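Could you build the full structure based on these sequences and the hints that come with them?
2 protein chains.
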Amino acid sequence: MIRRSGEKLIERKKLFNGAGEAEVHKMLNGADEMYGKGRVFNHLHLAPGCEIGWHVHKGDGETYYILRGRGLYNDNGVTVEVGPGDVTFTDSGEGHALLNHGEEELEAIALILYK
Amino acid sequence: MIRRSGEKLIERKKLFNGAGEAEVHKMLNGADEMYGKGRVFNHLHLAPGCEIGWHVHKGDGETYYILRGRGLYNDNGVTVEVGPGDVTFTDSGEGHALLNHGEEELEAIALILYK
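Taken in order, these protein sequences are the chains called A and B. Note that our numbering has the first sequence beginning at 1, numbered continuously upward. Note that our numbering has the second sequence beginning at 1, numbered continuously upward.
These are calculated hints, taken from the structure and not from any lab test. Each hint should be verified, as a subset may be incorrect.
Where chains are identical, the list cannot tell them apart; a pair therefore holds if satisfied intra-copy or between any two copies.
No farther apart than 27 Å at their CA atoms in a straight line, the calculated lysine-lysine pairs in the DSS-like style are these [to be verified]:
no., residue 1, residue 2
1, 115, 37
2, 58, 115
3, 26, 58
Here the structure is a predicted model, which is why all the values come from computation and not from measurement.
Following this line, the structure appears as structure tokens:
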């Protein structure tokens with residue numbers, strides 16, 4: 001099955017009360033397309049100054065894979081800078097946030113799997 | 001947890017008897033890091049002329065998300081061209097292959113989840 005680039009569902013929304021909005025491109029549409037093993041496989045776009053607000057995962061874990069740009073990542077309470085090629089992992093019971101503090105768009109792949 | 005860009009495991013190998021070799025960057029290292037829900041979350045790099053050879057999935061399904069370049073994708077027997085932003089999905093019992101027939105590197109995210 002092919003889902004062409006222009007056929008992906010795209011949402012623009014504020015994520016967890018973060019600054020600004022994120023643009024969320026969905027490669028897979030939730031748990032039904034993930035054999036019930038997870039619920040998110042998205043390509044995230046954050047303009048400069050925009051962020052994914054702090055949130056804690058319960059019953060699932062999330063991986064971000066940074067494709068482009070620079071971000072300030074809150075890794076369960078510790079803030080570090082992240083950039084292209086970096087991988088972050090938030091286990092169930094942990095929290096995270098991601099702010100684009102750079103001058104270009106920040107792009108990342110997000111994967112949420114159930115624990 | 002942060003896995004820095006340079007800390008990811010990277011393998012160069014022939015994939016399913018395809019032409020040439022692929023470079024496989026592992027964001028997560030197999031089922032142990034995926035709560036046992038899947039076994040692959042990789043960033044694939046195919047130089048021009050290189051391919052992921054035809055293979056059939058049994059008991060799991062694979063999604064490719066094309067980031068860059070152009071490819072000829074065998075979608076369970078039907079060959080189509082794919083490019084940036086396209087998503088392919090191969091269900092358990094189906095087969096696929098991906099050839100970089102372009103002039104620049106082809107990059108894709110690969111996700112395999114158990115069915």
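Outcome of the hint check:
{"no.": "1", "hint": "115 to 37", "verdict": "both (9 Å within a copy, 8 Å between copies)"}
{"no.": "2", "hint": "58 to 115", "verdict": "both (9 Å within a copy, 23 Å between copies)"}
{"no.": "3", "hint": "26 to 58", "verdict": "both (22 Å within a copy, 25 Å between copies)"}
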